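Chemist: All chains should be built: construct the whole structure from the sequences, respecting the hints.
Spelled out from the first residue to the last, the chains are:
There are 6 protein chains.
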Amino acid sequence: MDPKVQVPDAVLERFRKITAATAYSGVWRLRPSESAEWFASATWQRCLMHDVWPQTPGRRIVGRARTLRYLPPRPDLLEITRQGADSAEYRAMGRCGPGDVLVIEAHSADPYACAMGNMKTRQLWHNQAEGIVSDAAIRDLDLVAEYGLGVFAKQRSPAGNLPFIEGYEENEPINCGGVLVMPGDVIIADDDGVVVVPAQHAEKVIDWIEEQEAAEAWVTQLIDEERVPPGKYYPISEETKQRFRESQQAREDFTR
Amino acid sequence: MDPKVQVPDAVLERFRKITAATAYSGVWRLRPSESAEWFASATWQRCLMHDVWPQTPGRRIVGRARTLRYLPPRPDLLEITRQGADSAEYRAMGRCGPGDVLVIEAHSADPYACAMGNMKTRQLWHNQAEGIVSDAAIRDLDLVAEYGLGVFAKQRSPAGNLPFIEGYEENEPINCGGVLVMPGDVIIADDDGVVVVPAQHAEKVIDWIEEQEAAEAWVTQLIDEERVPPGKYYPISEETKQRFRESQQAREDFTR
Amino acid sequence: MDPKVQVPDAVLERFRKITAATAYSGVWRLRPSESAEWFASATWQRCLMHDVWPQTPGRRIVGRARTLRYLPPRPDLLEITRQGADSAEYRAMGRCGPGDVLVIEAHSADPYACAMGNMKTRQLWHNQAEGIVSDAAIRDLDLVAEYGLGVFAKQRSPAGNLPFIEGYEENEPINCGGVLVMPGDVIIADDDGVVVVPAQHAEKVIDWIEEQEAAEAWVTQLIDEERVPPGKYYPISEETKQRFRESQQAREDFTR
Amino acid sequence: MDPKVQVPDAVLERFRKITAATAYSGVWRLRPSESAEWFASATWQRCLMHDVWPQTPGRRIVGRARTLRYLPPRPDLLEITRQGADSAEYRAMGRCGPGDVLVIEAHSADPYACAMGNMKTRQLWHNQAEGIVSDAAIRDLDLVAEYGLGVFAKQRSPAGNLPFIEGYEENEPINCGGVLVMPGDVIIADDDGVVVVPAQHAEKVIDWIEEQEAAEAWVTQLIDEERVPPGKYYPISEETKQRFRESQQAREDFTR
Amino acid sequence: MDPKVQVPDAVLERFRKITAATAYSGVWRLRPSESAEWFASATWQRCLMHDVWPQTPGRRIVGRARTLRYLPPRPDLLEITRQGADSAEYRAMGRCGPGDVLVIEAHSADPYACAMGNMKTRQLWHNQAEGIVSDAAIRDLDLVAEYGLGVFAKQRSPAGNLPFIEGYEENEPINCGGVLVMPGDVIIADDDGVVVVPAQHAEKVIDWIEEQEAAEAWVTQLIDEERVPPGKYYPISEETKQRFRESQQAREDFTR
Amino acid sequence: MDPKVQVPDAVLERFRKITAATAYSGVWRLRPSESAEWFASATWQRCLMHDVWPQTPGRRIVGRARTLRYLPPRPDLLEITRQGADSAEYRAMGRCGPGDVLVIEAHSADPYACAMGNMKTRQLWHNQAEGIVSDAAIRDLDLVAEYGLGVFAKQRSPAGNLPFIEGYEENEPINCGGVLVMPGDVIIADDDGVVVVPAQHAEKVIDWIEEQEAAEAWVTQLIDEERVPPGKYYPISEETKQRFRESQQAREDFTR
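Chains as they are written, first to last, in my numbering: chain L, 1 to 256; chain P, 1 to 256; chain Z, 1 to 256; chain S, 1 to 256; chain A, 1 to 256; chain V, 1 to 256.
Think of the hints as simulated: they come from the structure by calculation, not from any bench.
The reader is advised that the hints may include incorrect statements.
Stated by the list, open to error - Calculated cross-link-like contacts (lysine-lysine; reagent style DSSO-like; alpha-carbon spacing at most 30 Å):
no.	chain 1	residue 1	chain 2	residue 2
1	P	K4	P	K17
2	P	K4	V	K232
3	Z	K4	L	K232
4	Z	K232	Z	K204
Said to hold, decoys possible - Which chain L residues stay away from chain A? Per the calculated CB distances, all over 10 Å, these:
no.	residue
5	V5
6	T56
7	L78
8	R82
9	G97
All values derive from a computational prediction rather than experimental measurement.
Even glycine gets a Cβ: it sits at the ideal position worked out from N, Cα and C.
Modeler: Put into structure tokens, the structure is as follows:
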């Protein structure tokens, strides 16, 4: 499945300036279409991965998702999957260049199973990829981190992928950490967690976030000056946001 | 993916006479091919589902697997999946007739999400299917059980599938309960658990089981007669099994 | 906190004819008010208790919630709580008569802690209460069940409440199984799970359910007659529901 | 380690008339010796097994503990353990006769590992043992239950003991369900749970219980007659118990 | 509920010199009153929070507890709780000044729910509070840590409080991490964990600790000098402590 | 049980140059003997501890296992275990010198129970032991780490061993983290995890590892030079390894 929308680097750059927490808020507020009966339709709010943790603390990653799905191995499955350099896991990594993140659904019954270690991920280093997000464990982290990759995974482990999981297909929609990841979606991950932004809404989300961040900074200043409980201005109501917009306008008018 | 092997009803009938525990032993002993380096290859032993429990106690099911996979929902995913009677979940149930079991990978982040309840599964009743095996919860169990279906699932719940999971694709290999299920594999499930027998080895497995069960009955008789600890004859060694075969031969010669 | 709305017995009687699964759907579709920014407001959908399981299988209970909250014990807390017959737990049970359910937030760190056993719950039998819903374990279940109470709890256990939990306050809002329970809310619980219906919306919910159940029965008949995948008519669209309403009207006109 | 005290059948018979919940209370109140600094010494209160559940519901067992411990297997361990009829697991079962319970510490990393199934436990049936208490899973439960054994275990499973656990030593102190079990301790288990009574205190415990049960019956009658909250008389204070004793004495005097 | 005892800053200062581990031992040894039947009364030993972890490693906090309790949200609950600057969460933070710790019972069903992030906690920075202890997740930790607050919480997360939890009441007894926290109790937390010291016993506890620490230092010296297993002198018996006291007395006599 | 094989320091030194991940692979590929029926025998593959985590990050330890087992305490157990300097825990630490690791099976029902803190482990510092591996929590970690010990444990905690666990026996086979540990086995642990190498195979394992590491370095160079997906040469086939050996031989011939 080819991404419907190829998120441009310029949009990724704007996401690099914000946190995963802010990205979460930006996606959370996306309103579903009104066409369906509201309670029978899906929302965009399921965007935060569960049980996928930062393994390279202090490292934030932003990039387009390239997906890979594993299955429990069996001799007859390996006859399908073992295609050397043309195996699904290498094809998936082959799609990853700068600004791309490999996202893995391992769905492993054993939490110590590792999708990858330093040997396989060398391909991501060759390609200057952004990082790895995986619901499985990560092996050889000290070496993988040297490749400059940001790594988010279930945990660390010295185990391999066999006899637990085997790379099966790539570039299809997956479930990673309980979140739908479509090829091309924007991943933004930091020490707070991993958030998925649907590709077709990425620009709308970052537009809203940039205004919201400015509004929060403005409100914070009010709170500090007045020494009031933040609850006076936060959460930011439509009315307060309007006041903020007017103040921005006034400043712009003034500085023009 | 079409099943490579269509397991005939006659083989299913033979499986109906044994327990899931015995099926487990039969699959467990399948030796992987010698061609690969032994430690780098997969085995057949990962055949027991984890966290999938009997919901219709006392009911044993045996059948060919028809597979269905869910993903976390999102408005853009529903545009793909919502095809009325032609949706993946109805197509999957359309493949299920007598001797067939619907096997579901929901991979739900919420354990209370139900793939199905009494409305959808009515199709399985129309088709006289054998049962349902699901890593999600089951809704309306009292009604579903009236359809004569054997149900194995994570738990009971009154919730629906939205906003947790959405049927996405069918008739492909899945991971249910940590076990690979290929379309056409044999499912044998009872109050002890759910076991998957690879279709292409089903006959070999039941051949071994039938001899093993006879040998265990013969050994049990020895143990009872001699009033010895079962450890004297159990686990059954190759030597003891040879003695059993000779005794069988002798009996056959005698009764001929 | 006194219940804002006292749900009348007549409404409870209507709930007795439906399942927890249907009640869940009825609450789930309640739309929050439009006044707030949609993403910053709460919904009514958090209505299904987690980790509270049927202990008297086959028994459905329907009733008004009477609430009780426990805290971890300490000698100075017991000086407050130990008031003999006037202790919070006995006052809470004193509020329970026919059509009332005692709902307990124990929030116990130890899953084997029991809020109550057969000695204390005798008061509920005296008062002919409907049952108990508790996030703690239940002790002496065989005896408690003889009182005719429906019991939903975390698990069974032979332990007491000390040194784990101690009854502290009653008739206030609580968190049971991750769900808000206001005094007076309607509890409907069966083998599928425990659902909380906000008191002020109970009548609206049962109105919708009764029509929905009739529509589902009508749709099921269509599915059976046409032998089509349920997906043709299910989930029931607004359009199908309109057809159902017309058919009902036609039947009423005819039978008049 | 030989039991210091051999609990006589007559004491077991008295335990057969009470519940695990009452046994728990009886052990819970045993006071540790005053000689040690009170906070640096152990108590008798850790007597309730965790994560060991009734598998033969409705069946209560009472008996002397015969202990067995498993270890994770390895080829060099099997050279020690595999002694046919003289293996630890068979020696342990050889110690079990009427009024004896096999208690197993498997400490398995895999919850589906079974210590035993129908083949091995046949020895317990030969010996007319009371039952099995195990922190591992149980295999072939339908067959094992036919042997008349009461079974308490982690869960059901169709798996075997290999490659998860291997019987290693018997008749030594073990940790089953987080509780110390010394050979000879009294096990009392029913649908509420599994309680361990130290052998040397078994008689003292049952003495207290029998009086407590009579006192509770007497108090229940008061509560019923006066229609008061049980909190008026429960928990039973020393003062109330004194009143009870006097009433018993009076009745005895009267009936003499 | 106003604190019965206001622990003075001087006592807090003494606690700042010890570890949470030592505080745990000091509370653990508090003997309950002798008045109640010993097994029916509570102890002071339940003082260590479970599943509340250091989020600002290396940071120790000591302070008086100011409490806050959350409930699952619902539209009708928000009508009660949403009072702007006068909401429970802001009132609770308003009570926190230097030497005070905000302690939160969120009791969240979702482990990713955050009670607070950088916007709300700005009030604690204004007030120069000591830190936050919460059984929920923490959002925007990098920013919150810049406020100089020590943070102990379930985990990190980018999510908000809605739709999971909502601040409901403050300054009342709560259950945080399975431990009773009364307003005014002393919190001492470091990388080992979070310990609660009942306010009315804080001075008695620190008195004992200071002597115990001196005794341990004295014993450690003995162990080092004699190169013996610590078991010779540890745990410190009453007799050894007496020897220590005499040696202290001797030293004081000498240096006088 | 005395170690069958005393692994010499020279072999330990070779293990110090590799990672736990590589040690895992080296043990994993050990083939069990062919004598037994393959499916009824044990393998060497169960060598990775579960739920035992690095507490001194960045610290790798390598050493011979000295074992210690705990049991749940009870007053009568303490009469056996409390032998001052001759208690099992001190005897176990007495066996630990340079190149030795204390390995603990606590099997604690409470995850906050600590086997040891800074007082007891001072003996390991006296003896210049390598470190501690424990399935229980560790207390006073900041102090213990100062002793230069590498620590791998379930978690940190300020609690003591009582009333949860009590040291019972030492120098016997144990189950730590789901892995069999025989006295004398080689422990290799780093931030990836804890791996157990059977003493009698330690030399064979390190021989294989050293060649494998050289082969991986050689293959990595190929991958880097050819800029191909690692799958072209990895996992390393027998054929590729043969090419590697020839290239090594060629180099040796050349440099001779």
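Chemist: Going straight from one Cα to the other, do K4/Z and K232/L come out at no more than 30 Å?
Modeler: Roughly 29 Å between the alpha carbons, so the hint for K4/Z and K232/L holds.
Chemist: Take the C-alpha atoms of K232/Z and K204/Z, compute the straight-line distance between them, and say whether it is at most 30 Å.
Modeler: Holds, because 28 Å separates the two Cα atoms, which is no more than 30 Å.
Chemist: Using Cβ atoms and 10 Å as the threshold, tell me whether L78/L really stays out of contact range of chain A.
Modeler: Fine: 36 Å to the nearest Cβ keeps L78/L off the interface.
Chemist: For the pair we were handed, K4/P and K232/V, check the Cα-Cα distance against 30 Å.
Modeler: 29 Å, holds
Chemist: Beyond 10 Å from every chain A Cβ: check whether that's true for T56/L.
Modeler: 15 Å, holds
Chemist: Take a quick look at V5/L and tell me if its Cβ sits farther than 10 Å from every Cβ on chain A, holds or violated.
Modeler: 23 Å, holds
Chemist: Over 10 Å to the closest beta carbon of chain A is the bar; see if G97/L clears it.
Modeler: 27 Å, holds
Chemist: For R82/L, which was marked as not at the interface, is the minimum beta-carbon distance to chain A over 10 Å?
Modeler: 38 Å, holds
Chemist: Holds or violated: are the alpha carbons of K4/P and K17/P at most 30 Å from each other?
Modeler: Roughly 25 Å between the alpha carbons, so the hint for K4/P and K17/P holds.
The structure shown violates none of the earlier numbered hints.
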